[in-house]
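Q: Now for the letters of each chain:
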Amino acid sequence: MIGYGEPQAIGGKLLARPMKTLLAIFAVSLGVMWYRFSAGLGPVSNMTDGFTWGIWEPVNVVVFTGIGAGAYGVGLLCYLLNKGRYHGLVRPAVLAGAICYSLGAASIVVALGRYWNSYWLGVPTLWNLSSALLEVAICVLTYVMVLWVEMLPSFLARISASPSARWKTFGKKWGGRLQQAMPYIIALAILLPTMHQSSLGGLLLIAGPKIHPLWHTALLPTLFLISCLSMGFGAVVVLITILKLTWNVEHDQRLLAEMSRVNAYLLIAFVVLRIGDITAGKLWYVGWDLISLLFFVELALFLTPALLFLSHRVKRSRGRLFGASLLAVAAGAVYRVDAYLSVYRPAPGWNYWPSIGEMTVTVGMAALGIAVFILISRMFPVLVVEETATGRPRASESAASR
Amino acid sequence: MTELEARGVSRRDFLKVCTLAAGAVGLPAWAGEMMADKAASSAKPPVIWLHFQECTGCSESLLRASAPDVAELILSLISLDYHETLMAAAGYQAERSLADSMERNDGKYLVIIEGAIPTKDGGVYCRAAGRTAIETAHKVTARAGAVLAIGSCASWGGIPSADPNPTGAVGASKIVTDRPIVNLPGCPANPYNLLGTVLQYATFGTLPALDELSRPKLAYARVIHEDCPRRPHFDAGRFAHKYGDEGHRAGYCLYKLGCKGPVTHANCSLNHFVDVPGAWPIGIGHPCVGCTEQKIAFRVPLHQTVDVDRPTAPSTYPPIHADHRVVEPLPVGIGSAIVGALAGAGYMATKKLTGNPKKHDPEE
Amino acid sequence: MIISRRSLLKGAAATGTVTALARCSHARERSGALPEAVGMLYDSTRCIGCRACVTKCKEVNGLPFDRDASGIYDTPTDLSSTTKNIIKVFRNGDNHAFVKQQCMHCVDPACVSVCMMGALHKEGSGKRNYPTERKGTGIVLYDKGTCVGCRYCQIACPFNVPKFQWQEAFPVIAKCEMCWHRRDPSQGEPFAIANPACCEVCPREAVIFGMRASLLAEAKRRIVADPKRYNGRIYGEREGGGTQVLYLAPAGVSFKDLGMPDLPAESSAHFSESVSHAPYLYGITPVALYAAMAFVLRRRKKRDDRLQRGGETKR
Numbered sequence: 001m002i003g004y005g006e007p008q009a010i011g012g013k014l015l016a017r018p019m020k021t022l023l024a025i026f027a028v029s030l031g032v033m034w035y036r037f038s039a040g041l042g043p044v045s046n047m048t049d050g051f052t053w054g055i056w057e058p059v060n061v062v063v064f065t066g067i068g069a070g071a072y073g074v075g076l077l078c079y080l081l082n083k084g085r086y087h088g089l090v091r092p093a094v095l096a097g098a099i100c101y102s103l104g105a106a107s108i109v110v111a112l113g114r115y116w117n118s119y120w121l122g123v124p125t126l127w128n129l130s131s132a133l134l135e136v137a138i139c140v141l142t143y144v145m146v147l148w149v150e151m152l153p154s155f156l157a158r159i160s161a162s163p164s165a166r167w168k169t170f171g172k173k174w175g176g177r178l179q180q181a182m183p184y185i186i187a188l189a190i191l192l193p194t195m196h197q198s199s200l201g202g203l204l205l206i207a208g209p210k211i212h213p214l215w216h217t218a219l220l221p222t223l224f225l226i227s228c229l230s231m232g233f234g235a236v237v238v239l240i241t242i243l244k245l246t247w248n249v250e251h252d253q254r255l256l257a258e259m260s261r262v263n264a265y266l267l268i269a270f271v272v273l274r275i276g277d278i279t280a281g282k283l284w285y286v287g288w289d290l291i292s293l294l295f296f297v298e299l300a301l302f303l304t305p306a307l308l309f310l311s312h313r314v315k316r317s318r319g320r321l322f323g324a325s326l327l328a329v330a331a332g333a334v335y336r337v338d339a340y341l342s343v344y345r346p347a348p349g350w351n352y353w354p355s356i357g358e359m360t361v362t363v364g365m366a367a368l369g370i371a372v373f374i375l376i377s378r379m380f381p382v383l384v385v386e387e388t389a390t391g392r393p394r395a396s397e398s399a400a401s402r
Numbered sequence: 001m002t003e004l005e006a007r008g009v010s011r012r013d014f015l016k017v018c019t020l021a022a023g024a025v026g027l028p029a030w031a032g033e034m035m036a037d038k039a040a041s042s043a044k045p046p047v048i049w050l051h052f053q054e055c056t057g058c059s060e061s062l063l064r065a066s067a068p069d070v071a072e073l074i075l076s077l078i079s080l081d082y083h084e085t086l087m088a089a090a091g092y093q094a095e096r097s098l099a100d101s102m103e104r105n106d107g108k109y110l111v112i113i114e115g116a117i118p119t120k121d122g123g124v125y126c127r128a129a130g131r132t133a134i135e136t137a138h139k140v141t142a143r144a145g146a147v148l149a150i151g152s153c154a155s156w157g158g159i160p161s162a163d164p165n166p167t168g169a170v171g172a173s174k175i176v177t178d179r180p181i182v183n184l185p186g187c188p189a190n191p192y193n194l195l196g197t198v199l200q201y202a203t204f205g206t207l208p209a210l211d212e213l214s215r216p217k218l219a220y221a222r223v224i225h226e227d228c229p230r231r232p233h234f235d236a237g238r239f240a241h242k243y244g245d246e247g248h249r250a251g252y253c254l255y256k257l258g259c260k261g262p263v264t265h266a267n268c269s270l271n272h273f274v275d276v277p278g279a280w281p282i283g284i285g286h287p288c289v290g291c292t293e294q295k296i297a298f299r300v301p302l303h304q305t306v307d308v309d310r311p312t313a314p315s316t317y318p319p320i321h322a323d324h325r326v327v328e329p330l331p332v333g334i335g336s337a338i339v340g341a342l343a344g345a346g347y348m349a350t351k352k353l354t355g356n357p358k359k360h361d362p363e364e
Numbered sequence: 001m002i003i004s005r006r007s008l009l010k011g012a013a014a015t016g017t018v019t020a021l022a023r024c025s026h027a028r029e030r031s032g033a034l035p036e037a038v039g040m041l042y043d044s045t046r047c048i049g050c051r052a053c054v055t056k057c058k059e060v061n062g063l064p065f066d067r068d069a070s071g072i073y074d075t076p077t078d079l080s081s082t083t084k085n086i087i088k089v090f091r092n093g094d095n096h097a098f099v100k101q102q103c104m105h106c107v108d109p110a111c112v113s114v115c116m117m118g119a120l121h122k123e124g125s126g127k128r129n130y131p132t133e134r135k136g137t138g139i140v141l142y143d144k145g146t147c148v149g150c151r152y153c154q155i156a157c158p159f160n161v162p163k164f165q166w167q168e169a170f171p172v173i174a175k176c177e178m179c180w181h182r183r184d185p186s187q188g189e190p191f192a193i194a195n196p197a198c199c200e201v202c203p204r205e206a207v208i209f210g211m212r213a214s215l216l217a218e219a220k221r222r223i224v225a226d227p228k229r230y231n232g233r234i235y236g237e238r239e240g241g242g243t244q245v246l247y248l249a250p251a252g253v254s255f256k257d258l259g260m261p262d263l264p265a266e267s268s269a270h271f272s273e274s275v276s277h278a279p280y281l282y283g284i285t286p287v288a289l290y291a292a293m294a295f296v297l298r299r300r301k302k303r304d305d306r307l308q309r310g311g312e313t314k315r
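Sequence order for the protein chains is A, B and C. Taking the numbering used here, I'd label the letters of the first sequence as residues 1 to 402. Taking the numbering used here, I'd label the letters of the second sequence as residues 1 to 364. Taking the numbering used here, I'd label the letters of the third sequence as residues 1 to 315.
Simulated from the structure, these hints should not be mistaken for laboratory data. Virtual Cβ for every residue (Gly too), placed ideally from N, Cα, C. Any given hint could be a false lead.
To be verified - If you want the ones that stay clear, here's a sample from chain B, every Cβ over 10 Å from chain A, calculated:
#1 63
#2 87
#3 177
#4 232
#5 277
#6 316
#7 317
#8 330
#9 347
#10 355
Claimed, not checked - List time: in silico PhoX-like cross-link candidates among lysine-lysine, alpha-carbon distance up to 20 Å:
#11 83(A) with 127(C)
#12 120(B) with 44(B)
#13 38(B) with 16(B)
#14 83(A) with 58(C)
#15 173(A) with 302(C)
Unchecked claim - So the derived label-pair ranges between C-beta atoms look like this:
#16 264(C) with 34(A): 16 to 24 Å
#17 293(A) with 300(C): 42 to 50 Å
#18 62(C) with 279(A): 51 to 59 Å
#19 304(C) with 172(A): 16 to 24 Å
#20 223(C) with 178(B): 47 to 55 Å
#21 279(A) with 310(C): 38 to 46 Å
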């Protein structure tokens with residue numbers, strides 16, 4: 001069913017069983033975070049002077065925000081390229097993005113050694129403008145705010161529907177003003193991720209001697225930008241498919257297939273750029289070793305979904321599109337983890353694997369993200385739910401109370 | 001033995017001295033017992049002690065003991081037939097003793113040379129009983145069983161040979177060239193090195209293994225630095241910088257005060273002197289002056305530092321790339337399980353979605 | 001298609017602000033050694049491995065002894081948050097060579113380039129300089145007051161020098177600062193700039209302190225005077241853009257053997273900044289992009305609103 005369905009709150013029990021499990025997982029990770037703040041980073045993690053960012057930066061920040069780049073990708077398609085038919089995907093994508101970016105920002109605070117000094121980020125005279133990480137920090141913090149502002153219409157819509165007259169006026173007034181400001185906000189929402197997603201790749205430029213030449217290239221920012229869009233598009237398809245199964249959210253196969261075709265071109269562009277970069281003088285690094293295997297696995301992970309997205313069978317099959325999108329997300333995630341960890345060698349003698357504490361925090365953050373998504377979707381009009389034959393949405397049925 | 005007992009020296013003390021002497025040349029304890037038995041019997045090895053350009057310090061180090069009985073003990077283990085400082089006789093009688101001993105113990109007596117031998121102007125700068133040192137050396141060592149040169153002076157010239165060496169002083173081995181001489185350098189030499197060598201010869205008829213400078217390897221193979229009790233301070237970088245400063249009083253390494261320990265072959269750091277533990281130069285806070293080494297002693301200034309020449313660096317130094325590995329099996333297992341579970345879930349979900357055309361996979 | 005005055009003014013204001021802030025993001029020139037650059041010269045052939053420098057460094061910097069995992073005092077095996085200077089040995093059969101490791105005080109440091117808040121900075125060029133900091137000496141100093149502990153410096157440094165206090169709840173980054181706090185004006189230049197304890201205490205003058213230019217000349221002189229003794233190269237002359245701590249190695253031992261990485265002449269800071277800053281064009285690009293997008297979106301919105309209103313009030 002294609003059309004501009006109106007988003008609505010899913011409703012249902014807020015603290016149902018899945019929520020409780022997710023919040024319990026997060027509570028465990030809260031305990032780890034408390035320990036981290038009282039005892040220091042060393043006792044809780046396997047981070048060392050060699051592998052100093054562990055997984056909290058590469059995964060919690062870089063991979064999560066890559067998944068959240070769906071907001072960026074859908075925003076590009078819907079607003080900049082003016083394909084209004086993607087409108088129904090915007091809110092869930094933006095919510096996922098807002099949550100992923102908030103998780104990333106929170107993870108940074110947990111990962112920072114001297115977090116209490118981060119207020120200096122608000123003092124522009126102290127900014128070291130040559131630092132790519134500063135650019136990432138400022139952009140990400142601003143973008144988190146922009147994403148939640150983009151979610152405000154959804155919150156205000158619910159407030160506008162409130163029985164209380166005062167809240168109704170409040171919601172309508174601010175909703176209107178927000179609508180007027182939207183072009184400026186959306187322009188920011190497109191500019192900022194362009195800057196920081198490429199900078200997340202740019203962070204690695206300076207570690208040239210320590211990153212394997214097959215990954216270290218001046219194209220790092222470009223490659224990260226392209227792959228974040230692939231991850232984002234893939235994540236949106238995965239998200240909508242899961243929501244379709246759980247809450248019967250509107251799942252427009254043709255639309256998603258069309259979006260995935262764009263994704264296919266991005267994935268192919270990535271592969272072309274990488275191969276081009278390698279053939280320009282780095283071919284002799286390719287051999288029969290583990291590193292080359294990683295490289296080829298990455299290429300396969302990028303190429304496979306691209307070819308799948310372009311095939312007719314996949315275009316027509318919900319399940320196959322879902323699987324291919326999972327591969328697209330995995331491709332971006334694997335590329336990021338490889339660049340930051342797998343092929344990063346500070347010097348001989350160092351190795352790294354996340355400690356149980358680090359993994360707990362990552363999993364806990366992910367659990368929190370899912371929980372918040374469920375919570376907000378239930379409370380506010382974010383998702384467009386498919387209508388039944390009777391014209392009434394199936395939202396209130398048992399499927400939704402899960 | 002009985003005469004010693006008469007003087008109040010127990011067999012235990014006697015054995016102790018013999019064992020120490022045996023230990024000084026690296027022989028096991030039972031050798032000490034053998035030496036004691038041999039010495040207790042009347043067959044004491046005859047020793048002729050020649051003095052040339054010397055200060056008699058090496059003799060004094062033999063006698064200088066905190067327990068006077070030990071000195072007597074030492075003298076009881078050997079038959080000291082000729083010693084210009086210690087013998088009762090003088091003048092013609094002394095020379096008579098020398099000749100008698102040489103004749104009586106022909107081919108069996110041990111000659112110990114103390115002091116350098118001057119060579120300039122025909123060697124006139126050291127004459128006793130009308131003979132030059134060169135003549136005496138040749139004459140006495142000709143029929144000797146073994147020849148030992150005690151002290152740096154006899155080993156390589158010592159103080160008399162210091163620049164400008166006006167008398168042309170040289171070590172005994174430069175004069176007595178027809179037979180091997182055991183050099184026991186030191187200023188003074190450690191008495192137990194001498195005693196051990198002498199007793200080994202007397203008991204077994206053999207001399208200890210010698211290095212390329214004819215020094216017993218067991219006493220002179222290692223440098224002071226290798227066995228110095230202050231070595232941990234060197235290794236940890238703790239040095240005395242001035243006499244009496246905090247580091248000096250704390251007993252830190254004396255390398256920076258010019259200690260020649262790193263280039264001096266001797267066993268002073270192990271044996272010490274005068275039977276008093278800690279009574280040796282570094283032990284009392286003065287840097288080693290390298291008195292056994294011809295290239296160092298009386299040539300290199302006392303407080304000039306030397307290069308530390310080490311054939312292999314000890315394993316206490318960190319390697320270029322330290323081991324910082326942190327990977328352990330349990331987290332690897334858990335992490336792999338999580339990733340595997342995610343991949344598995346994705347695969348299962350895809351399969352389920354794809355495999356159920358009516359319910360989940362309406363082809364549009 | 002009329003550009004309203006309001007949107008034009010807004011665009012101009014935005015441009016002005018962002019350009020002012022992005023002033024420094026320009027394509028980068030290579031920086032050479034500063035005129036008053038101080039440094040150290042370490043001659044591995046003279047080092048006897050006495051480790052007086054290791055102990056003295058701990059003493060003057062107030063660093064505790066290293067402890068192993070179970071808390072027992074242990075000799076340091078690598079640079080760490082409690083060891084800012086260390087002697088290591090390279091073994092090759094019976095031969096060995098010592099190497100001293102500490103901050104290289106690079107001419108164009110990667111850590112300075114990446115530090116978000118400028119906590120790591122060249123003396124005198126920081127964001128919050130002490131009054132006594134002099135510009136031009138090139139010493140890389142650390143300001144824990146603005147450090148957020150992001151540890152990007154650890155990623156950036158090709159020598160893996162900055163170390164982090166992992167076991168502290170309130171950690172800092174630790175690295176050699178050339179004993180800048182021991183500077184002694186009464187001794188005259190260059191000790192008025194800094195007075196490294198390691199150089200002061202070395203018994204063989206294996207490591208010496210001075211102006212980088214003179215040390216470089218001295219290193220060259222040593223190689224010429226005794227070419228068979230050295231391996232012919234002065235490490236730090238050009239590596240990674242040049243470092244202010246220079247190294248000489250014995251013949252037959254490469255710098256790679258001694259753990260010094262093989263770096264190109266271009267510093268990684270220069271490479272990274274050139275690539276990163278190129279698209280920004282002094283900050284013009286983001287502003288222009290934003291202005292263009294805002295313009296397009298606003299115009300579209302106005303048209304959509306007009307259409308919607310027109311549709312509603314259709315006669």
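Q: Which numbered hints are broken by the structure, listed smallest first?
A: 8, 9, 10, 11, 12, 14, 16 and 21
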